[in-house]
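Line by line, the protein sequences are chains B and A. The first sequence begins at 1 in the UniProt record's numbering and counts up by one. The second sequence begins at 1 in the UniProt record's numbering and counts up by one.
Treat the hints with caution; some may be incorrect.
With a Cα cut of at most 30 Å, we get these calculated DSSO-like pairs of lysine-lysine [said to hold, decoys possible]:
{"id": "1", "chain 1": "A", "residue 1": "LYS215", "chain 2": "A", "residue 2": "LYS78"}
{"id": "2", "chain 1": "A", "residue 1": "LYS8", "chain 2": "A", "residue 2": "LYS32"}
{"id": "3", "chain 1": "B", "residue 1": "LYS305", "chain 2": "A", "residue 2": "LYS136"}
{"id": "4", "chain 1": "B", "residue 1": "LYS224", "chain 2": "A", "residue 2": "LYS127"}
No lab work stands behind these hints, which were simulated from the structure alone. Bear in mind that the values here come from a model prediction, so they are computed numbers and not experimental data.
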Amino acid sequence: MKRYVLGKVVFAIPLLIIITFLAFGLNHLSPVEPAEAVLHAQGVPEITKELIAETREKLGMNDPFLFRYGSWLLDCLRLDFGSSYVTGLPVWSQLGPAFLNTLKLTLVSMAAIVGLSIALGVGSALREGRLLDKGIRGAAFLLTSMPPYWLATLMIWYFSVKLDLLPTSGMDAWQSYILPVAIITISYAGIYFRVIRSSMLGNLNEDYVLYARANGLLELLVTKHILRNSLQVAVSVFGMAIPVILGSTVVVENLFAWPGLGSLSVRAILSRDYPVIQAYVLILAVTFVFFNTLSDIVNAAMNPKARMDR
Amino acid sequence: MKDLVVSKLRIWDSRSGAALVEDSSFTVKAGKCLAIVGESGSGKSLTCRAIMRLNKAGLRQSGDIWLGDIKLTALTEKEIRRIRGTKLCLILQNGMRAFDPSSTIGSSVRETLAWHYGWSRSEMIGKMAKAMTAVKLDDYLRILNSYPHQLSGGMLQRMMIALAIVLEPEVVIADEPTTALDTVSQFEVLQQFALLRERLGCTMVFVSHDLGCVKKLADEVLIMKNGVIVEKGAASDIFHAPRHDYTRYLVTAKTSVNQHFRRLMGGDSFVFH
Ligand SMILES: Nc1ncnc2c1ncn2[C@@H]1O[C@H](COP(=O)(O)OP(=O)(O)O)[C@@H](O)[C@H]1O
Ligand SMILES: [Mg+2]
């Protein structure tokens with residue numbers, strides 16, 4: 001097991017290097033001259049050739065590519081992502097708090113998604129074809145087919161405006177979490193419970209279930225075995241869901257004015273604020289690799305075969 | 001020891017209404033071995049599971065099944081659960097898939113024994129060790145600590161037999177226990193079944209699609225085709241004077257396979273005497 005974990009972590013390193021390289025290279029893929037983008041972002045009225053040359057010199061853009069990549073990478077390790085072209089403030093001073101806010105939203109949602117998916121998936125699998133199963137699948141189909149922004153608007157109108165129970169926006173108290181978390185949870189749990197359900201059904205047909213029952217084991221114990229094997233699939237799916245949700249909170253964050261990465265990244269993209277975009281891409285990618293590695297490790301801890309084969 | 005009596009068993013698919021096993025009646029005398037033989041899809045597994053009342057929820061069954069004076073088909077779910085494992089033991093075809101892949105063999109086995117008998121850990125290991133040695137699983141500690149994928153199909157098959165030895169059931173139902181194995185392991189497992197009978201004196205239902213396999217073990221043979229019993233009788237009659245065309249076909253098919261095998265092995269025949 002130790003070797004397996006070590007292998008996974010070591011494998012993540014080249015992956016991270018490639019990712020940082022791509023994030024840094026982004027700047028150079030853009031058709032717009034970076035120095036010009038800086039001047040645009042700062043709202044300079046007239047952009048002359050001399051001004052561009054001067055800016056390039058000032059930002060160190062004339063140094064060789066690899067040299068700049070190297071020093072950028074070293075800076076990144078110290079969470080120094082440069083300064084925003086727009087505000088001139090250090091990128092991390094904006095991105096750090098925003099990242100934390102989004103991470104909080106994501107993790108709370110994730111807990112709700114995991115709980116709900118398991119409950120619904122197990123419930124519907126054990127009652128396959130019966131009323132409960134049909135009800136859950138029907139409701140999930142209905143809710144996941146509604147666009148989130150529409151559902152969110154509906155819920156804001158009902159719970160915040162009509163009943164005046166919950167705040168409409170912001171991130172002031174724990175109540176602020178309820179609506180955004182509900183929206184994210186509905187759209188993901190409606191999909192993920194199906195993973196659990198089908199995995200449970202697959203396991204239900206396995207011989208080991210028949211054999212356990214033939215040995216007279218209590219249905220509760222049999223279900224425990226089925227659940228344990230079904231969750232192995234789910235763990236990787238859930239592990240991968242965290243970065244996906246992290247990167248897709250844009251809609252919800254903008255609807256609820258959540259001060260997170262989603263809102264920040266949209267603003268940065270619109271104003272071509274490259275250092276912020278770079279840092280955003282980098283942080284998402286690193287989180288992706290982190291949770292991917294973590295879910296592999298958790299999966300291996302649960303699945304003896306995966307642990308020993310690789 | 002008690003007779004196992006199956007009377008007018010009918011199994012059908014509740015959705016389509018299609019009958020899968022039709023009017024099936026037979027008796028296995030206490031301590032005897034009945035072989036159920038038939039090609040794949042003839043309803044052998046459904047019959048086995050019907051006895052244990054373990055068919056899928058979508059399937060229905062009617063008819064009566066008795067174990068001595070216990071009417072299995074009239075028991076509550078809780079009562080039949082107490083009978084499963086203690087009085088009725090099922091042994092499956094694919095040992096590889098019969099154990100939870102995420103648990104060690106030992107923990108799966110312990111779970112069953114603890115539930116039925118509440119033995120302590122060392123008691124269980126003691127009893128398992130004895131039974132496993134009897135089925136030639138000598139390295140029992142290593143095996144108990146292994147996961148299913150680390151063992152061979154033949155070993156896991158013998159593991160199920162060892163568990164049956166410890167559980168000491170009145171009836172052992174073996175659903176094609178030799179089908180997934182190569183010829184050599186088949187031979188060994190068949191020997192183990194013979195020993196199991198000697199040891200427990202249990203009643204046995206032994207399913208196979210290969211008539212040749214059951215020659216040594218069976219006292220009676222029951223031939224199934226498309227969910228219907230086409231012939232049943234004493235093993236010697238079935239082998240020497242088959243009445244039904246399908247049985248004759250199975251007997252000759254078995255002989256020709258055996259001849260082929262003999263030619264491959266270069267002479268001596270591979271049959272049980
Ligand atoms: N759960 C089920 N639902 C519907 N049909 C089934 C089910 N299980 C088995 N059958 C059908 O019943 C027939 C007999 O199956 P089975 O008893 O497994 O055959 P075998 O003799 O090979 O063990 C097959 O034709 C199979 O398609
Ligand atoms: Mg079968």
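Problem - Pair hint outcome, LYS215 (chain A) versus LYS78 (chain A) [Cα-Cα no greater than 30 Å] - result: Roughly 37 Å separates the two Cα atoms, so the pair is violated.
Practice task
Mind checking the alpha carbons of LYS305 (chain B) and LYS136 (chain A) for me, to see if they're no more than 30 Å apart?
Solution key: holds, 26 Å
Practice task
Mind checking the alpha carbons of LYS8 (chain A) and LYS32 (chain A) for me, to see if they're no more than 30 Å apart?
Solution key: holds, 21 Å
Handout entry: Straight-line alpha-carbon gap LYS224 (chain B) to LYS127 (chain A), limit 30 Å
Key = Judged against 30 Å, a Cα distance of about 26 Å means the pair holds.
Hint compliance for this structure: hint 1 alone is broken.
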